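Enquirer: Chains as they are written, first to last, in the working numbering: chain A, 1 to 280; chain B, 281 to 534.
Honestly, I wouldn't trust all of these hints.
What the hints assert, rightly or not - Reference excerpt, derived from the structure (chain B facing chain A, CB under 10 Å, subset only):
1. 323
2. 370
3. 374
4. 377
5. 385
6. 386
7. 396
8. 400
9. 405
10. 448
11. 452
12. 460
13. 464
14. 465
Keep in mind the hints are simulated off the structure, nothing from the lab. If you're wondering where the values come from, they're calculated on a predicted model, not measured in any experiment. Virtual Cβ for every residue (Gly too), placed ideally from N, Cα, C.
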Amino acid sequence: MNEFLQFLSEPLAQRSLWACGVIGFSNGFVSALVVLRRSSLQIGTLSCALLPGIALAILVFGLFQLSILLGAVLAGLMVGLGSLFVSRTSRMDHDTALSVLHTTAFALGYIILIGLGLQQKVDDWLFGNIMSMGDADLWIAYAIGAVAVLSITALQRPLLIFLFDPRSAATMGIPTRALNYGIFSLIILVLVSSLQAVGAFLTLGLLVAPAATMYLLTDRATLLFWGGGLIGGLGAIGAFFLSYPLGWHLGATIIVVLGGVFLLAYVFSPRYGLLRRRGK
Amino acid sequence: MVKEHHDHICWGGGHHHPTHHHLILQGVTAGYGAEPALENISFEAECSSTLALIGPNGAGKSTLLNALAGLLTPWSGEILWNGAPLAEHRHEIAYLPQRSEVNWQFPITVRQLVEMGRYPAVGIWKAMCRHDREIVDKAICTLGLEDLQNRQIGALSGGQQQRCFLARALAQEAHILLLDEPFTGLDVPGTKALASLLRSLSAEGRLVIASHHDMATTAQIFDRALLLRRRLIAAGPVAEVLTTDNLNQTFKRV
Chain A
1 MNEFLQFLSE
11 PLAQRSLWAC
21 GVIGFSNGFV
31 SALVVLRRSS
41 LQIGTLSCAL
51 LPGIALAILV
61 FGLFQLSILL
71 GAVLAGLMVG
81 LGSLFVSRTS
91 RMDHDTALSV
101 LHTTAFALGY
111 IILIGLGLQQ
121 KVDDWLFGNI
131 MSMGDADLWI
141 AYAIGAVAVL
151 SITALQRPLL
161 IFLFDPRSAA
171 TMGIPTRALN
181 YGIFSLIILV
191 LVSSLQAVGA
201 FLTLGLLVAP
211 AATMYLLTDR
221 ATLLFWGGGL
231 IGGLGAIGAF
241 FLSYPLGWHL
251 GATIIVVLGG
261 VFLLAYVFSP
271 RYGLLRRRGK
Chain B
281 MVKEHHDHIC
291 WGGGHHHPTH
301 HHLILQGVTA
311 GYGAEPALEN
321 ISFEAECSST
331 LALIGPNGAG
341 KSTLLNALAG
351 LLTPWSGEIL
361 WNGAPLAEHR
371 HEIAYLPQRS
381 EVNWQFPITV
391 RQLVEMGRYP
401 AVGIWKAMCR
411 HDREIVDKAI
421 CTLGLEDLQN
431 RQIGALSGGQ
441 QQRCFLARAL
451 AQEAHILLLD
461 EPFTGLDVPG
471 TKALASLLRS
481 LSAEGRLVIA
491 SHHDMATTAQ
501 IFDRALLLRR
511 RLIAAGPVAE
521 VLTTDNLNQT
531 FKRV
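Bound-form chain A, shown alone:
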């Protein structure tokens, strides 16, 4: 226990703890968009597609946070929009095109990263390493969280109409295309911040599980955002305290904790839980 307290007093540990809270919160907050849009699998493929962008950015600009962010955004846009383009110009459906493009992109990224001699880093990109986050990384995470919360809160009304009923939203004069691109960009931003925490493979969990849990608990869409943020943030902080004594990998522990919370809601939710429905 003493050992743990001593660990907590180190700046590295404190920074990681903050990072867990902030990244967990902003991902949980944005996860409501993913759940309401019912596009979680697409987002999942997107997170892996960020890897080649990151690798290329490192190849061209070196290992800087900003270049990595830029590369990730570009790769996400290229794979996301590219798959849309391929599905529109051929007989492929969007999911198929996305699957081909994102695995290709992921494989390319992996080859580049190994070619750069960053083998040790590869694990961090795939599964995350919060402990490696510096002060600048933490600030970027704060900024991304603020952008997510502010933009979603400010545009909540048209956003919910759009997510629920995009066609009527368009007839009401809501700029649906702009909202769609906005949501897409926001998700990529948040993905980039969670990439460091839990890695390309696990980031989908952080971007879906919190709001999915709230989905089982409430009938109010607004609660999906704030509740998702709280579950994401508290879950990640809880995972931090669990992972040290247990010696578990922190990124993986975050996802396991969030998955566990989801299962609890699935079984025990007073409104939509398994037990409740059986009892009816």
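Position chain B against the provided structure of chain A, taking the given hints into account.
Expert: Only chain B this time, still in chain A's reference frame:
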């Protein structure tokens, strides 16, 4: 059993409906790919009527609805409402999606759904004022949803779900109601109830336009019909339009 609520509907707010409230389509051609789904469609419709869009699959019913809703810009031709382009009167149009296209698990209550109709009036940030809330209350009452207003929309019957969207259209104070296959999946009493609702909504001065596929019920539900097969086959009062000859032209196998 769905009750009929048309007897106590009233659409207040000082709306007058002089006879010149009408919709005119002039030579509208529209589509998605290279081939137009609609070719050179011209017709007129006045408020206080219910119009059925009838035709086989792929005849352009949805394309026409989308063009009217402003979801699709016609390649050529004009859509005029009271002499001005309909696109300038977007708040006048309410679009009701097909029931199968709606995510009924969406975490939203009946009341919140109806409140969405106030969006064109209140915009992104303005809070709903008492006037807005009264309009929402009235729309909910009109469609007999008072007891259901705090329910999640998935917990309703098909007819009730249909009424929620109608209530949203009322809250929007829309003049033109566009419905995509509203009678699909409704049982006989549900169909009757919705039909009388649509008739009473039009009696108050709205123009109701709906795609429809059941020839047998057209005459009971609508007072006008438009036969469509990429081109306009016929348009006018149901009795005049639904002749054997016209129907053969519309539905004949190629």
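Enquirer: Can you verify the interface hint for residue 448/B: is its Cβ closer than 10 Å to any Cβ in chain A?
Expert: holds (8 Å)
Enquirer: When the nearest CB of chain A is found for residue 385/B, is that gap smaller than 10 Å?
Expert: Holds, because the Cβ-Cβ distance from residue 385/B to chain A comes to roughly 8 Å (cut-off 10 Å).
Enquirer: Do the numbers back the hint for residue 370/B, that is, is its least Cβ distance to chain A under 10 Å?
Expert: At 5 Å from the nearest chain A Cβ, residue 370/B passes the 10 Å test, so the hint holds.
Enquirer: Hold the hint about residue 377/B up to the distance rule: shortest CB distance to chain A must be less than 10 Å.
Expert: holds (6 Å)
Enquirer: Checking hints one by one. Is residue 464/B an interface residue toward chain A, by the C-beta closer than 10 Å rule?
Expert: violated (16 Å)
Enquirer: Let's test the interface hint: is any C-beta of chain A closer than 10 Å to that of residue 396/B?
Expert: holds (5 Å)
Enquirer: Any CB of chain A closer than 10 Å to the CB of residue 386/B?
Expert: holds (5 Å)
Enquirer: Can you verify the interface hint for residue 405/B: is its Cβ closer than 10 Å to any Cβ in chain A?
Expert: holds (8 Å)
Enquirer: Against chain A, with CB atoms and a cut of 10 Å, does the hint on residue 465/B hold up?
Expert: violated (18 Å)
Enquirer: Is the hint on residue 374/B kept, meaning its closest Cβ partner in chain A is under 10 Å away?
Expert: At about 7 Å, which falls below the 10 Å cut-off, the nearest Cβ of chain A leaves the hint on residue 374/B intact, so it holds.
Enquirer: Hint validation: residue 323/B versus chain A, beta carbon distance must be below 10 Å. Holds or violated?
Expert: violated (20 Å)
Enquirer: Is the interface hint for residue 460/B satisfied, with its Cβ closer than 10 Å to some Cβ of chain A?
Expert: Result: holds, 9 Å to nearest chain A Cβ.
In this structure, the earlier hints numbered 1, 13, 14 are contradicted, and the remaining ones agree with it.
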